[in-house]
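Asker: Letter by letter, the chains look like this.
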Amino acid sequence: MSQMMAVPVSYYVGLSAVIFFIGVAGVLVRRNPLIMLMSIELMFNAANLLFMAFARAWLHNAGHIFAFLVITVAAAEAAIGLAIVVTVFRSAKHVDVDDVALMKG
Amino acid sequence: MTHHVMGVDGSYPLLLVLWLLPLAGAILAWAFGPQLKTAAGWICSALVGISFICAVAMWGPGTQSVSGALGAHQALFSWLPGFDFGLLMDPLSLLWTLIITGVGFLIHLYSIGYMDGDRAFARFFAYMNFFVFAMLTLVLSDNFVGLLVGWGLVGLASYFLIGFWFFKPSAVAAARKAFVINVAGDVGIMFAIFMIVASVHSTAFGDAFAFAGSYNSGWLLAICVCLFIGAAAKSAQIPLHTWLPDAMEGPTPVSALIHAATMVTAGVYLVARCAPLWSQNHDAQMLVGTIGALTAIAGAILGCAQWDIKRILAYSTMSQIGYMIMGVGVGAYEGGVAHFFTHAFFKAQLFLGSGLIIHALNNEQDVRRMGGLMKKMPFAFIAMLTGVIAISGIPFLGAGFFSKDLVIQGALEHGHPYLYAVGIITAGITAYYMCRLLFVTFFGSYRGDVDPSELGIRHPELAGTPAHGADQAEAEHEGSGHGQAHHAPAWIMNVPVAILIVPTVLIGWLMFGGDNSPWAHFFAQQFPHPQLSPAPIGEGVTGLITFGAVLVGIAVAWWRYATASAQSRAVERLRGESIRMPGILTHAYYFDLALDLLFVRTSQLFGTIFGRFFDPQIIDGAVRESAFSAQWLGTLVRSFQTGLLRAYALLLVVGVAAFMIYYAVIAGGVHP
Numbered sequence: 140m141s142q143m144m145a146v147p148v149s150y151y152v153g154l155s156a157v158i159f160f161i162g163v164a165g166v167l168v169r170r171n172p173l174i175m176l177m178s179i180e181l182m183f184n185a186a187n188l189l190f191m192a193f194a195r196a197w198l199h200n201a202g203h204i205f206a207f208l209v210i211t212v213a214a215a216e217a218a219i220g221l222a223i224v225v226t227v228f229r230s231a232k233h234v235d236v237d238d239v240a241l242m243k244g
Numbered sequence: 002m003t004h005h006v007m008g009v010d011g012s013y014p015l016l017l018v019l020w021l022l023p024l025a026g027a028i029l030a031w032a033f034g035p036q037l038k039t040a041a042g043w044i045c046s047a048l049v050g051i052s053f054i055c056a057v058a059m060w061g062p063g064t065q066s067v068s069g070a071l072g073a074h075q076a077l078f079s080w081l082p083g084f085d086f087g088l089l090m091d092p093l094s095l096l097w098t099l100i101i102t103g104v105g106f107l108i109h110l111y112s113i114g115y116m117d118g119d120r121a122f123a124r125f126f127a128y129m130n131f132f133v134f135a136m137l138t139l140v141l142s143d144n145f146v147g148l149l150v151g152w153g154l155v156g157l158a159s160y161f162l163i164g165f166w167f168f169k170p171s172a173v174a175a176a177r178k179a180f181v182i183n184v185a186g187d188v189g190i191m192f193a194i195f196m197i198v199a200s201v202h203s204t205a206f207g208d209a210f211a212f213a214g215s216y217n218s219g220w221l222l223a224i225c226v227c228l229f230i231g232a233a234a235k236s237a238q239i240p241l242h243t244w245l246p247d248a249m250e251g252p253t254p255v256s257a258l259i260h261a262a263t264m265v266t267a268g269v270y271l272v273a274r275c276a277p278l279w280s281q282n283h284d285a286q287m288l289v290g291t292i293g294a295l296t297a298i299a300g301a302i303l304g305c306a307q308w309d310i311k312r313i314l315a316y317s318t319m320s321q322i323g324y325m326i327m328g329v330g331v332g333a334y335e336g337g338v339a340h341f342f343t344h345a346f347f348k349a350q351l352f353l354g355s356g357l358i359i360h361a362l363n364n365e366q367d368v369r370r371m372g373g374l375m376k377k378m379p380f381a382f383i384a385m386l387t388g389v390i391a392i393s394g395i396p397f398l399g400a401g402f403f404s405k406d407l408v409i410q411g412a413l414e415h416g417h418p419y420l421y422a423v424g425i426i427t428a429g430i431t432a433y434y435m436c437r438l439l440f441v442t443f444f445g446s447y448r449g450d451v452d453p454s455e456l457g458i459r460h461p462e463l464a465g466t467p468a469h470g471a472d473q474a475e476a477e478h479e480g481s482g483h484g485q486a487h488h489a490p491a492w493i494m495n496v497p498v499a500i501l502i503v504p505t506v507l508i509g510w511l512m513f514g515g516d517n518s519p520w521a522h523f524f525a526q527q528f529p530h531p532q533l534s535p536a537p538i539g540e541g542v543t544g545l546i547t548f549g550a551v552l553v554g555i556a557v558a559w560w561r562y563a564t565a566s567a568q569s570r571a572v573e574r575l576r577g578e579s580i581r582m583p584g585i586l587t588h589a590y591y592f593d594l595a596l597d598l599l600f601v602r603t604s605q606l607f608g609t610i611f612g613r614f615f616d617p618q619i620i621d622g623a624v625r626e627s628a629f630s631a632q633w634l635g636t637l638v639r640s641f642q643t644g645l646l647r648a649y650a651l652l653l654v655v656g657v658a659a660f661m662i663y664y665a666v667i668a669g670g671v672h673p
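If you're matching them up, the sequences are chains Z and H in order.
Here the first sequence is numbered in the numbering used here, starting from 140 and rising by one per residue.
Here the second sequence is numbered in the numbering used here, starting from 2 and rising by one per residue.
Quick caveat, the hints were computed from the structure, so don't treat them as lab data.
Bear in mind that the values here come from a model prediction, so they are computed numbers and not experimental data.
Even for Gly, the Cβ is constructed at its ideal location relative to N, Cα and C.
Among these hints, one or two may not hold up.
[To be verified] What follows is a set of in silico ranges between Cβ atoms, one per label pair, in the way DEER data are often shown: (1) 613(H) - 230(Z): 35 to 43 Å; (2) 636(H) - 149(Z): 43 to 51 Å; (3) 659(H) - 170(Z): 23 to 31 Å; (4) 203(Z) - 668(H): 27 to 35 Å; (5) 153(Z) - 645(H): 49 to 57 Å.
[What the hints assert, rightly or not] Partial selection, computed: residues in chain H whose CB lies under 8 Å from chain Z: (6) 32; (7) 646; (8) 647; (9) 651; (10) 654.
Please model the entire structure based on the sequences and the hints provided.
Answerer: In structure tokens, the structure reads:
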């Protein structure tokens, strides 16, 4: 097994962390909701990458199954997110998230 | 546990009928008063009369004695398992029932005449019938809770009737005072019931008395004291007596029925009913006997200082109930109850007689403005004379002699020489102030046309009671086109008074003959009869000593008010006496002031403290502070709600980072 494991698992963790924080940064700094949704997808896939890497490393199928769950959730999230974006655009004629502040306390 | 029922259990429809008829009358007169008009008076009187006939018919069952059970017991319903309601008629409650319905019937008849033309004629009879029902509930109940219900209801009826002429502020104040003091007594009885339930797990008289010997003596004393607080409030015993003179604001028939004959003797009934408890505790007997004697003499002395004919009678009622309480308190139950029995007749007689005068003199109640009425109202004079003879205790001529003697002698027999002496002195004072009332009212010449200030009446506008509802009703009659206001015939008021003369004079002979008297036989099985050592002074000698004191009282009254010289200078004498009357007597020993300072002012002070400080500062403050802190918290949390989506995201990231740092660093990292 270990011969097949050419790349050490820590590399995967590192890559995953980098992708995740790119996603975080995208959510925090961009004002376009479409870009923000794409950033969230990046975070999901960083998590997926970790699942796969650990599933291979420990030879356990739970990681695979979780990856499928995450993909499903991500699809649902994208659908709802895009619906919100369309709704906001219809009412406000723009999609700048900083201007969407109806619930400000 | 087994329950001890007093009386022979059975079905007694007559008992239910005599109990519920007055209630039916009350509801009828209440609901259909405007339609019934004067018929309400006749219907209500008739119902009480039928009740009386039923009570007479219950004589047999009420006095039966089968294997230790005395009287008749009718089960009604069960409240909780083990707490049953029922009616009990034994000789004691039979006696009270006969007086309530019998004397009550006569007073109802009299009221038809007295209240004639009052605009609330039917309402008056509704209240009167309601009172009779409440009083019957009180005396017929077979348990303490039923007794307390009746106790509260008679207080309510008394409140209604004292304040019957509610357009008089003084009547409203008197009604309120009577009610409040009586409720204080009700609370006492309630606590007694709590203690009884705690000891025997039952409220029935039978259970409470069956274990009377097994109570802890301090506990028993506490029960007796609590019961007596109730009895003292209802029966106008010191220091809870102040409501009774004020209660004379009610119509005179009310004073006769409620505040002389029946309701105010409920305390006597309570102590006599609880004789098994009192007999077990010498301290309780001593307390009640002493309070009774104190009330007897204090009331009698105050009777000497009054000018209002009804207030004189009110203080004499207080004094006579003092005798009764003294009798039942020391253990001379037959004597105390006997004095209730005779007093019900002669005091009703005196009140109804004074009602004749008040009615004839257009609501004048001040005896200084009467005088010389013997020729004008010979019938009222005879009525009052028999009453005065009876209450003064002139031997063999009136009923009061026999019963008062039983009480006084009973005090000595049960080992209370001081109370015995107080009883004799009080008898002398009683004779004095009752003869004073008689002489000032009926002898000499009429003083109604003399200027009030010449008679020493300081506030003439306050002295007499303002004209009552009759005048208003007459005005209404004229307004509604009835023309001349009709008046009931005089006989309707005279007949009950004439009938009452018979028992007032003669009923005392029932108590004549010591242990062989009909009276002693009637109560032979009712009360405990401890073995007593013979009294140092015999009954005949006691009678003589009492008669001596009575003669002195009459002589002083005669010398002061009835001699020729006193009669000729009556106006100056009365003025002089009014002016010289010591303040301690005209203010009734300042009891009102003392009660005012002790209870009214202190509770007002409490009210002020709580109203001015505690409530606004502590209670409202707590509410206000919790509102403020919620507001502050809201402002704080609201500042996070920027509406900026990316700020929320940043918070999320910071939160996740915090968790990660916690698990990675502080919690020592993840250990697979």
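Asker: Now tell me, hint by hint, if it's right for this structure.
Answerer: Okay, the hints, checked on the actual structure:
1. 613(H) - 230(Z): 35 to 43 Å: The hint (35 to 43 Å, Cβ to Cβ) is violated, given that residue 613(H) and residue 230(Z) are roughly 58 Å apart.
2. 636(H) - 149(Z): 43 to 51 Å: 48 Å Cβ-Cβ, so the 43 to 51 Å window holds.
3. 659(H) - 170(Z): 23 to 31 Å: holds (26 Å)
4. 203(Z) - 668(H): 27 to 35 Å: The hinted range 27 to 35 Å holds for residue 203(Z) and residue 668(H), with Cβ atoms some 29 Å apart.
5. 153(Z) - 645(H): 49 to 57 Å: violated (32 Å)
6. 32: With a minimum Cβ separation of about 64 Å from chain Z (threshold 8 Å), the hint on residue 32(H) is violated.
7. 646: With Cβ-Cβ at 4 Å, under 8 Å, it holds.
8. 647: For residue 647(H), the interface hint holds, since the closest Cβ of chain Z sits about 6 Å away, which is under 8 Å.
9. 651: Where the cut-off is 8 Å and the nearest Cβ of chain Z is about 6 Å from residue 651(H), the hint holds.
10. 654: holds (6 Å)
Checked against the numbered hints given earlier, this structure breaks hints 1, 5, 6; the rest are met.
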